[in-house]
Amino acid sequence: MKRAIAGASAALVLAACSGLKSYPSDFPANLVVRSELDKARGSLHVHQVDASCRTDYRGTVALDQPSVAVGIPPDRLAYIVATFDTSSFFGGSSATSVGTLLRPRTGYRYELRLKYRDNIYDFAMSEAGPGKASRPIARRDLDTCK
Amino acid sequence: MRKLTASVALLVSACAVQFPQNAEEFRQQIPDAFMGQVQTFEAKRPFRDIARTFQAKAPECLKVAVRVRSQTGTSVSNILYTYKPTVVATDKKAELHVQRHMEGNVIVPGKEPPGGLYFLVADATPIDRSRTRIDIYGPSRGADTLTRAVKGWATGENVGCPDLTKD
Chain B
0 MKRAIAGASA ALVLAACSGL KSYPSDFPAN LVVRSELDKA RGSLHVHQVD
50 ASCRTDYRGT VALDQPSVAV GIPPDRLAYI VATFDTSSFF GGSSATSVGT
100 LLRPRTGYRY ELRLKYRDNI YDFAMSEAGP GKASRPIARR DLDTCK
Chain V
0 MRKLTASVAL LVSACAVQFP QNAEEFRQQI PDAFMGQVQT FEAKRPFRDI
50 ARTFQAKAPE CLKVAVRVRS QTGTSVSNIL YTYKPTVVAT DKKAELHVQR
100 HMEGNVIVPG KEPPGGLYFL VADATPIDRS RTRIDIYGPS RGADTLTRAV
150 KGWATGENVG CPDLTKD
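Protein chains in written order, with numbering that gives the first Met the number 0: chain B, 0 to 145; chain V, 0 to 166.
To be clear, the hints were calculated from the coordinates, so they are not data collected in a lab.
Check before you lean on any hint, since a few could be wrong.
If you only want the chain B side, here are some residues facing chain V, beta carbon under 7 Å, derived [stated by the list, open to error]:
id	residue
1	S93
2	D121
3	S133
We put the CB at the ideal spot given by N, CA and C, even for glycine.
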């Protein structure tokens with residue numbers, strides 16, 4: 000039986016190689032991940048990014064609920080990677096991931112909407128300041144860090 | 000399974016056909032190519048909106064690398080597919096070119112253009128102010144998810160990104 004395992008980002012590969020660990024909730028929740036996943040399991044990998052744009056994997060949150068709150072250190076650059084894992088009897092298993100750089104601002108709230116259906120996914124981030132309406136923010140690849 | 004089939008088909012067809020070196024050559028060769036197809040439909044959406052969607056979604060969704068490892072009873076395959084999207088837009092036409100470069104235990108018996116082999120080309124041309132003609136050139140198998148995503152971008156019905164591990 001054919002077995003396929005696929006990855007879509009170096010970040011995911013690095014995270015997988017180092018071993019996944021639970022993301023510690025040391026900060027007040029400022030990011031809410033709302034996911035609608037059909038025939039896929041989702042997870043969120045959090046990396047800190049230093050001044051040289053090197054990533055430091057901090058942990059993973061299972062997106063096993065429609066809404067999951069996460070605390071990302073404010074005013075520091077992070078790289079947030081969402082992974083969709085799928086598997087089928089004949090197709091084996093595969094994983095695809097998409098990430099964005101994010102520097103949360105103090106007092107702001109962030110929302111990440113994830114959808115996966117029929118092998119098509121959506122990844123949409125928005126932010127809302129105190130007393131302000133939510134606005135979408137563009138995804139930033141890791142290679143735009145420098 | 001589909002990716003393996005497509006790769007084999009690609010290599011077999013490559014023995015007889017020279018790889019297209021640009022989008023225009025790809026358009027010309029696909030209609031007569033083994034496992035090639037052209038899909039044409041009318042999108043009820045203004046041309047400019049579709050061009051903008053191509054310009055926004057192509058780099059967001061298709062500038063990716065996908066590694067696929069597969070194993071059968073007698074062989075193991077490990078291929079890294081690196082996709083390269085290009086959008087060329089004018090007032091009269093918007094073109095989406097998708098190229099794919101393969102690394103790993105795969106042999107590409109022919110000259111590969113810079114950026115990889117042409118995998119799919121989608122053209123949008125205005126019919127009138129609210130309708131646009133879409134022509135999609137690509138393989139008949141092995142690009143189902145990508146093709147569906149491009150159709151979604153054209154119609155505006157689904158602007159999500161394709162999971163290219165499925166193609």
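Which hints from the list above does the structure break, by number from lowest to highest? 3
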